[in-house]
Amino acid sequence: MALTTSRRASASSAPGRDLRTPFSTAARHLAALLVVGVTAVPLLFVVLGGFRSNAQINASPTGWPHPWVFSNYTRILGSSSFWRFLFNSTVIAVTATVLTVVLGAMAAYALSRYVFRGREGLYTLFAVGLLFPLGVASLPVYLLLRQLHMLESWYGVALPQAAFGLPVTIVVLRPFMAAIPGEIEDAAAVDGCTRLGFFWRILLPLAGPALVTVAILAFLGSWNGYQLPMLVFNDQSHFTLPLGVATFQSQYSQDTAGILAFTALSMLPALAFFVFAERRIIGGMTGAVKG
Amino acid sequence: MTTLDRTGASRTGASRTGASRTGASRTDARPPGAPGAEPAGRTRRRRTGRRLSVRSRWELALLLTPALVLFVLFVLVSIAAAVYYSFFDWNGFGPPTKLVGFANYTKALADPMFQGALRHNIQFAVLSIVVQLPLTLGLALLLNGRIRGRAALRLIAFTPYVLSEAITAVAWLVMLQPGGAVDEGLRSVGLDGLVHEWLADQDLVLYTLFVVATWKYIGFGIILFLAGLQGVPAELREAAALDGATQWQTTRKVVLPLLGPTIRIWIFLSVIGSLQLFELVWIMTLGGPAGSSATMATYVIDRGFRRYQFGYGSAVAVLLFAVCFVFALLYQRFALRRDSAGALSGRVD
Chain R
157 MALTTSRRAS ASSAPGRDLR TPFSTAARHL AALLVVGVTA VPLLFVVLGG FRSNAQINAS
217 PTGWPHPWVF SNYTRILGSS SFWRFLFNST VIAVTATVLT VVLGAMAAYA LSRYVFRGRE
277 GLYTLFAVGL LFPLGVASLP VYLLLRQLHM LESWYGVALP QAAFGLPVTI VVLRPFMAAI
337 PGEIEDAAAV DGCTRLGFFW RILLPLAGPA LVTVAILAFL GSWNGYQLPM LVFNDQSHFT
397 LPLGVATFQS QYSQDTAGIL AFTALSMLPA LAFFVFAERR IIGGMTGAVK G
Chain H
72 MTTLDRTGAS RTGASRTGAS RTGASRTDAR PPGAPGAEPA GRTRRRRTGR RLSVRSRWEL
132 ALLLTPALVL FVLFVLVSIA AAVYYSFFDW NGFGPPTKLV GFANYTKALA DPMFQGALRH
192 NIQFAVLSIV VQLPLTLGLA LLLNGRIRGR AALRLIAFTP YVLSEAITAV AWLVMLQPGG
252 AVDEGLRSVG LDGLVHEWLA DQDLVLYTLF VVATWKYIGF GIILFLAGLQ GVPAELREAA
312 ALDGATQWQT TRKVVLPLLG PTIRIWIFLS VIGSLQLFEL VWIMTLGGPA GSSATMATYV
372 IDRGFRRYQF GYGSAVAVLL FAVCFVFALL YQRFALRRDS AGALSGRVD
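Residue numbers (the numbering used here), protein chains in the order written: chain R, 157 to 447; chain H, 72 to 420.
No lab work stands behind these hints: they were computed from the structure. It is possible that some hints are incorrect.
Stated by the list, open to error - If you only want the chain H side, here are some residues facing chain R, beta carbon under 7 Å, derived:
1) A181
2) P183
3) Q186
4) G216
5) I238
6) G251
7) G344
8) Q347
9) G375
10) A393
11) V394
12) C395
13) F396
14) V397
15) F398
Note that the Cβ used here is the ideal one computed from N, Cα and C, for glycine as well.
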């Protein structure tokens with residue numbers, strides 16, 4: 157949404173550049189260098205640290221791998237727990253994402269294109285949910301999950317995650333769905349399309365970009381979640397990747413090289429996903445907060 | 072593609088009467104704005120649209136029920152339960168029976184640990200606005216222009232935001248350990264005097280955490296402001312420059328006011344984030360040493376899950392929510408109101 161307009165605007169700002177002084181160009185490149193350096197150096201440290209031995213790291217924490225040690229990475233890639241964490245994270249994130257997007261889209265459709273009493277109140281209720289942090293709810297959610305016998309289960313994480321993901325999904329999708337012209341709906345109705353048929357066959361495809369955005373937000377939210385899995389899982393075989401990394405760190409705190417290799421490998425899926433969906437993620441973030 | 076063709080074809084085929092026959096559903100699609108501001112005719116038409124057919128009721132139930140069940144069960148019931156538990160002295164096992172009224176609240180408000188946690192949250196929020204905002208905004212202003220490798224820059228700056236807080240915390244834990252990468256980095260550039268016990272020093276730990284949080288979230292702010300800056304028309308800057316304004320004047324008088332809504336949203340997200348700070352702190356320090364980095368959220372978990380004080384922990388959680396809620400309401404009322412689209416008042420128009 158916001159992305160398309162901003163890109164057009166940036167093209168038209170081209171002539172403005174002539175007004176810049178050489179000094180500001182230098183400052184700009186310096187700032188760029190600074191941002192990249194500050195961001196990238198810690199990431200490089202983690203990745204390269206995984207290729208060093210603990211002895212190398214203890215002797216000089218910031219040095220270059222010499223010689224390159226591959227055993228940290230091969231050890232973790234060869235361990236079943238890393239793959240299990242990855243698998244658990246994937247299953248939970250996919251379940252939570254599907255639930256959030258499907259239920260959120262249905263609710264957003266009802267709240268944007270049906271007129272009924274209490275509609276705005278209901279919408280406000282969902283929107284106020286944006287202010288309920290998981291931190292506030294953690295104790296009761298834990299007790300509820302215990303009563304429902306959902307501790308140590310994927311659903312115990314995915315369902316609350318989806319519930320807390322619904323507000324932002326609905327807040328993003330509703331204006332998007334409302335903006336689709338009524339004429340299209342009229343035309344579909346003339347052609348004999350029911351309202352549910354319109355939702356399924358026309359509105360969802362038209363809302364595709366917004367759906368992708370909320371799906372990415374939901375996926376990242378669940379994939380990166382730590383607090384909920386921490387409360388729900390006690391058995392290490394159920395751990396997700398963030399939980400696994402933090403636990404590995406506290407259990408093997410002397411094995412710095414191993415921790416760095418584990419951390420670097422755990423970053424990979426999110427980074428790969430990010431490179432793959434970069435435009436949508438950035439557009440989604442800026443679009444979502446702009447409302 | 073096929074759907075577009077289909078609707079395109081049907082639109083041309085739709086007769087005038089056809090369009091007016093479905094007039095009711097069309098008004099449905101236009102949600103009400105301010106009710107009083109509408110012409111009477113439109114309002115009457117909406118009235119008829121509001122009488123839902125049995126079929127529409129079923130559709131609504133079908134569409135809304137699943138989301139509502141999930142939302143009510145986990146979000147609303149949880150909040151209500153937190154409020155309920157907060158009136159009991161309860162260890163989380165068996166039913167809560169020992170009703171203590173507001174004792175947990177008065178205890179929390181008088182508890183130096185809670186006061187400290189609240190103060191840390193507020194310090195974090197203030198630091199964000201005083202330090203992070205100028206830094207982020209300044210960098211965004213500098214980066215707003217043609218730069219070689221702009222896309223790569225954007226990608227790299229944004230990367231930490233995509234990583235989980237747990238992974239960020241672990242990476243920085245390793246770098247910040249005594250004699251670790253940060254210390255060696257400082258020594259190698261001759262700043263030996265700056266080397267500290269970054270996470271063990273009670274006076275320093277909160278600032279250390281703030282730096283890590285800044286590392287993680289600054290890219291998000293930069294991207295947000297860059298998007299906002301692209302909405303500032305170049306013509307306005309040029310006009311100001313032609314009138315003899317310096318670049319500083321142009322930035323202050325033209326660019327920043329137009330960036331107002333983005334800045335206000337950034338502040339909102341940043342303060343709420345500061346109030347709810349948990350994972351970074353929990354993994355890096357557990358709120359220590361001696362509570363010097365505890366936040367309200369880490370205090371809730373500490374009391375609830377480490378000391379089994381579920382009633383007291385719930386009271387702290389409710390207070391945390393109250394602080395967020397009051398801030399959101401006041402902010403909505405006094406700051407966001409100027410912007411057309413606030414998420415909470417979020418009517419669609």
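Verification of the supplied hints:
A distance limit of 7 Å between C-beta atoms decides the matter here; for A181 of chain H the minimum to chain R is near 21 Å, and the interface restraint is violated. Restraint check, P183 of chain H versus chain R: the minimum CB separation of about 21 Å is more than 7 Å; hint violated. Annotation: Q186 of chain H was flagged as interfacial toward chain R, and the flag is violated, the nearest CB pair being 18 Å apart, outside 7 Å. Interface restraint check for G216 of chain H: the shortest CB-CB distance to chain R comes to about 6 Å, inside 7 Å, so the restraint holds.
The interface hint given for I238 of chain H is met, as the beta carbon of that residue sits about 6 Å from the closest beta carbon of chain R, less than 7 Å. Residue-level restraint check for G251 of chain H holds (minimum Cβ-Cβ distance to chain R is 5 Å; threshold 7 Å). Look at G344 of chain H: its Cβ only gets to about 10 Å from chain R, farther than 7 Å, so that hint breaks. Evaluation of the Q347 of chain H hint against chain R yields a held restraint, the C-beta minimum of about 4 Å falling below 7 Å.
Taken as an interface hint, G375 of chain H checks out: its beta carbon lies about 5 Å from the nearest beta carbon of chain R, inside 7 Å. About 9 Å separates the beta-carbon of A393 of chain H from the nearest beta-carbon of chain R, more than 7 Å, and the hint is not met. Because the closest C-beta pair between V394 of chain H and chain R is about 10 Å apart, greater than 7 Å, the hint is violated. The closest approach between the C-beta of C395 of chain H and any C-beta of chain R is roughly 5 Å, which is under the 7 Å cut-off, so the hint is satisfied.
Here the hint on F396 of chain H is kept, as its CB sits about 6 Å from the closest CB of chain R, short of 7 Å. The beta carbon of V397 of chain H comes no nearer than 10 Å to any beta carbon in chain R, farther than 7 Å, and the hint placing it at the interface is violated. Contact between F398 of chain H and chain R, as hinted, is not supported at the beta carbon level, the nearest pair being about 9 Å apart and thus beyond 7 Å.
Violated hints, listed in ascending order, are 1, 2, 3, 7, 10, 11, 14, 15; each of the other numbered hints is respected by the structure.
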